[in-house]
Each structure stands twice: as structure tokens, then as C-alpha cells.
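Participant: The lines below spell out each chain.
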Amino acid sequence: MQRMFMRRVGLALLLMLAATALTFWLVTAAPGNVAALIAERAAGAGADGAMIARIADELGLNDPLPVRYARWLGDALTGDFGISLRTGKPMAEEFAERIPMTLALLSGGGVLVLVLSLAMGIAGAVSNGGVADRVLHGLALVGASTPNFFVAAMLVIVFSVWLGWVPTFGVSGLSSWLLPWTTIALFPASVLARVVRVNLQDSMSRPFATTGFAKGLTRRAVLMREALPNIAIPYMTTFGAQFTLMIIGAIVVERVFGLNGVGAFFIEAIRFRDFIGMQAVLTLFVVFFVSVNLLFDLLAMLADPRLRRPRKA
Amino acid sequence: MTAPIYEVEGLVIDLYTPSVSVRAVDVAGFHVAPGETLAIVGESGSGKTVMTLGPLGLLPEGVAVDLRGTARADGKDILSMSPADLSRLRGGFFGVIFQDPMSALNPMLKIGPQLARQAQLYAGLSAEEARKEAVSLLARSGIPDPEDRYGRYPHELSGGMLQRAMIALALAARPRVLIADEPTTALDATVQAQILALIRQIQKEDGIAVILITHDIGAVSVLADRVAVLYAGQVAEEGSAVDVLTAPVHPYTRGLLASVPDFRSDHATGTREIPGIPPSQTQLEPGCRFADRCDLVQSSCRTHRPPLVRLGAGPVPHRVACPVVIAAEGIVTHD
Ligand SMILES: Nc1ncnc2c1ncn2[C@@H]1O[C@H](COP(=O)(O)OP(=O)(O)O)[C@@H](O)[C@H]1O
Ligand code: SF4
Ligand SMILES: [Mg+2]
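Quick note, the sequences are listed as chains A and B, same order. The first sequence begins at 283 in this note's numbering and counts up by one. The second sequence begins at 352 in this note's numbering and counts up by one.
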């Protein structure tokens, strides 16, 4: 267990390193010269070739790629992600302002995913082929195949425009979070509801479920006491994977609902060819991806007694 | 003779899956009395499990079950019970030991607390008493260091120890009928004898009714008072263990015993498999189910299902569903 744990952590660090190097290379290779952009910002149309060359030299942009990556990494590890070419503010400052918004979106959405997926999956298994099971199955299929921008548009039209219950834009109070949370949660909740339903069904056809019935448990009790603990492992792993993917959803959702988060910043960074900003946000995404997946993999390992307490030989 | 405590008559069980429908049990029955051990023998797939556990609603999910007949536990009709009452009956009145303890025990649950819960719910013990009872049940089932094993997960025990834990679990509610469905098939040969000895000891001490489902004729001769031989969902022969093992009449029973090495019976002709395979239970044909594999088959065998006829005048009814052998060997029937 300890060794497996250390191996996972090591692998995660390696993955972060490789992913940031790759994004660094891609962002650097993208068309548009950083020095030219800076010169343009500083001197407007008056920027000439000499000025651009001088800026490039000062920033060390002529050094080989590995050298530049190492320099960038060293800065990043101290929390220095450079200065946004678009806003002119240090990225660390941008992050401090925007991460709470994105975190609120992801954590509220994550709680909704947890509640919805378990409720839908368990209700389906209780109904076991009944009307509720079929309706929930249909809902999950729709939820897992509707793009989030479409969901957002529909929700806004119905709840903001027609009914006027919640604002269309920005956040002010809990009610304004409902649509963004619902939008971002719908896809992962649908996927996870199926994971719950299918794994519960699998568990219910295992011999240990028959033992549960033989112990005198009702079907509902067998579901909750015997089958449910057995879905913990696939559920946690899938939850981790789906939760990390929600950061992609956040890019669209923040934009549509006018939330000033990291995702919205990323879109602006792309539009303005803010390479420094892009690299910083991508790094943040990579760290989020890898560490959240790691966290849920470790939780899944902890939930499994066979891994938590391996049999001594 | 004591009145039966679990009694099944005229049972028909059809199973439906999306791909097949099977008549797993075709008008069969059995009964067992307190203090008695009934062995149910027959080839794999002959319906032993479905016949015994089906009336209790203990068939795996995913199969649609159509069940007719009568089944009584302590005189009460099981088949008309509410689901809640049937659940209680399964938990308290019956104890079940399954074939493979590795898959029959929940990998995510500790062993001891499950026993304690049964003792608390069904034997009316307090939480503290129930815990003590669970530990002593583990000890009684021959598990060393039961205090330690109480908090263990299934993967931390060997197969033999797990089957002992399974037995302890089955006993925790102090059942009146213990059903052991091939309790040793998944275990090492050395452990098998120990598990059978344990079941025998429990049976002796508690005086409960035991139904032992097995292919192991040796186990039958040691443990069973009565034997029912099942073939393709029907009872071919039943009677006292002595009658069935030493004076088998049905050609299938004779073949079954002849195929057992070292088993002494008048008809044993050395180790010999019964040629052929059991009929497909998906196509129902009239007549004797054994006809296609029977050396003595006659044309009448294929038109009418042979009735179970009681033989002799012994106190324990010996019944055989083969009029051909009865007539050919001039066996005296009851009345
Ligand atoms: N889960 C199941 N799905 C489909 N058919 C089954 C299932 N369980 C049992 N059967 C069928 O029912 C018949 C009796 O099975 P079973 O009672 O398990 O036999 P035994 O216990 O004597 O080996 C077999 O023909 C088998 O194919
Ligand atoms: S009834 Fe006929 S086919 Fe069946 S066992 Fe007897 S002799 Fe064989
Ligand atoms: Mg069986």
C-alpha cells in the first residue's frame, strides 16, 4: 500500500512535469511573437525591429527551449507565473482573484453531481426495471449527450428569461449559482448515475447479495448495506475523472454565465494571444487534473479493504 | 416420526432469462424433520439448488422465476407470505451455507459484525451479548483466535476458514433448518472432511434439520439419514440413506453409485461414468427423463412419466420412479 502510494505520487509528479513541458512547447510554438506583442503594447505602431529584438533578448526568448522551460519552471515553483500580456497584472494576482470563483463553481457542481448521481442510480436500482428506472435511464442518456452550452442556453431561456427567477448574468447570492451549477453538473451526474446503476445491478447478481437475502435483509437493505459499499471503488475513480473534466466545462459555463473565473480568463487569453496567461492557466489545469485524479485514486484504494489491508503471506 | 419442519410438494420452477427458459424443477418435492439430515444428490444442473432455495426466494437476480406448488416452514405456507415475512423467515428460521465462501461473503464487510447483527436481530441478544455470541460462534466453528478474526475482512481468511465463518454466520440467528449447498465443493480435499465433521457436530448438538446438497456420496453415507436423488428436475428415488445407498433401484441411482470409486453397493461395478448427458431442460418431453441414457428403456418409458412408487414396508418410505425395474426384479411395493 505504502509503496503503491509512493508510486502513484511519483507518477503524478512526472505527469505534471511532462504536461507542463508539452504545453510550454505548444504555447511557444503558437504563431505570434511574445516580444512583438510586448513591443506593440509599449510603443503602439512605433515598435520597430530593433526594439522587438531588444525585448526578446531581455526576456531571454532567444535561449534554447529547454533553458526557457527550466527558467519558467523555477519561477512557477515559487508562485511566479509571469505577467499577463493582456491585463498587465501578475498572473498570481489574477489567480488570487479568479480561482475562488472557479472553485465555487466546481465545488457546488461537484456536490450536485454527488447527490444527483447517487440519488438517480439508487432510485433506478430500487425500481429495478420499473417506470422510475426507465425514466431515469432515459434522463441519464439525454444528460450525457447534451452539450453544456445548449443546456446553459435552455436553462437561461426558461428560468431567467421566461420565469425571471434567476439573473442571466453574473453572480449575486445563492440563487444565481443554480443555473451554472446545474449546467456543469448535468453531464458528469448523468455518467455517474449510470455507473451507480450498472454497478449496483452487478453487485445484486453476485453470490454475496444472495447471502444478504439469506441473512434476512429485504431487497432495499441488500442494496444499501451489501451492494452500495461494493460500488465505492468504481464510483470514486469515475467521480475523480469526471470532476477533473468539469474544469473544461467551467471554460464554457463561466463564459456563458459571465463568471469571472479562470475559465473565462483562459478564453480571453486565447483571443488576445496572451501566451503567458495561457501557459499559466494550462499549468493550473494540469495540476488540478493530476492531483484530483490522484486524490480520488487514493481514496478508492483506501475504500478497498483488499488494498488497505493486504493479506499477510 | 417427527413432523417435517420444511416441506415442499409438487414444486414446479420455470426460469426465464432473455435467452432461455428452463424448467429447472418439474413437479418435485422433499421434506426434512428436526434432527434429521436430508441429502439431495444429483448431477450438476439437476435442480438441487433451485429446488431447495427457490421457495425461499434465494435465486440470483436477473432471472425471472415462475414458481408453483406448496412449501411450508413449520406448517406455515411460505409461498403466500409477504416479502417482509419471508425475509424474516430467511434470516431467522433458515441458515444457508453456500458453495463458494470466497464469493458468498461480502468483500467490503467485516465478518464478525455480520454475525453479531444476526444474533442481535434474531436471537434477541443485546449488542454486547451479540458480540460475545459472535466470537463464541467463530470459536465453535473451529476458527482459531476468534477475537482477532471478528474484525477481519473475507480476503484475510483462507477458504476453509471462510467456510467456517460462513457456517458461523448461518448459525448466528439460531436457525431451525440449515441448508448447506455443496459446502465443500470449492475447498481443498483436506478441509472438506473437517467442514463435514463440523456440520455433523452442529447437527448433533443443536438437533436442527439439515439439508445437505452434495455430489459427494461419501459425505452422504456419513451424514445423511435420508437421501433424495434428483434427475433433470425430478425426484428419481428417495428413501433412507441405507436403502438408497445399499439397495438402489432406479437405474440412475445405480449408475450414480457405480460411478463412485470405492463405494460399496450391491450394484457397484467399479468406476464407471453414466454414459450420455442429461436432457435439455428447455424442451419438455413426456415420459422418463432418464430414457435417453437408460440401458433398460422400453417404449412405455417414453410416453408416460413414471410415478414415484413406494417400495417395501420399511418405516422410512423408499420411493422410486421406475416401474420397469420394479416389475423386472419383482420388487414388492407398499400396499
Ligand atoms: N441463474 C440462472 N440462469 C439461468 N438458468 C439457471 C440459473 N440457475 C440455474 N439455472 C438452471 O436451472 C437448472 C437447475 O440449476 P441448479 O439448481 O443450480 O442445479 P444444481 O444445483 O443441481 O447444480 C439448470 O438447468 C440451470 O441451467
Ligand atoms: S422408467 Fe424406463 S427409462 Fe426411466 S429409468 Fe426406468 S427403465 Fe429407464
Ligand atoms: Mg447447485
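Hints were generated in silico from the structure; no laboratory data involved. Hints are supplied without guarantee of correctness; some may be wrong.
For lysine to any residue, the following SDA-like pairs were computed, each having C-alpha atoms within a straight-line distance of at most 25 Å [what the hints assert, rightly or not]: (1) Lys461/B - Ile515/A; (2) Lys427/B - Arg501/A; (3) Lys461/B - Met506/A; (4) Lys461/B - Arg502/A; (5) Lys461/B - Ala514/A; (6) Lys461/B - Pro429/A; (7) Lys461/B - Val438/A; (8) Lys461/B - Val373/B; (9) Lys461/B - Ala329/A.
One side only, chain A facing chain B, incomplete, derived with CB under 7 Å [claimed, not checked]: (10) Arg289; (11) Arg290; (12) Thr302; (13) Thr305; (14) Pro382; (15) Asp484; (16) Phe490; (17) Phe495; (18) Ala582; (19) Leu584.
Using N, Cα and C, we set each Cβ at its ideal position, and we do this for glycine too.
Participant: Look at each hint and say if it fits the structure.
Facilitator: Verification of the supplied hints:
no.: 1; hint: Lys461/B - Ile515/A; verdict: holds, 17 Å
no.: 2; hint: Lys427/B - Arg501/A; verdict: holds, 22 Å
no.: 3; hint: Lys461/B - Met506/A; verdict: holds, 16 Å
no.: 4; hint: Lys461/B - Arg502/A; verdict: holds, 20 Å
no.: 5; hint: Lys461/B - Ala514/A; verdict: holds, 16 Å
no.: 6; hint: Lys461/B - Pro429/A; verdict: violated, 44 Å
no.: 7; hint: Lys461/B - Val438/A; verdict: violated, 49 Å
no.: 8; hint: Lys461/B - Val373/B; verdict: violated, 37 Å
no.: 9; hint: Lys461/B - Ala329/A; verdict: violated, 74 Å
no.: 10; hint: Arg289; verdict: violated, 21 Å
no.: 11; hint: Arg290; verdict: violated, 21 Å
no.: 12; hint: Thr302; verdict: violated, 38 Å
no.: 13; hint: Thr305; verdict: violated, 40 Å
no.: 14; hint: Pro382; verdict: violated, 37 Å
no.: 15; hint: Asp484; verdict: violated, 10 Å
no.: 16; hint: Phe490; verdict: holds, 4 Å
no.: 17; hint: Phe495; verdict: holds, 6 Å
no.: 18; hint: Ala582; verdict: violated, 12 Å
no.: 19; hint: Leu584; verdict: violated, 12 Å
Against the hints set out earlier in the document, violations occur for numbers 6, 7, 8, 9, 10, 11, 12, 13, 14, 15, 18, 19.
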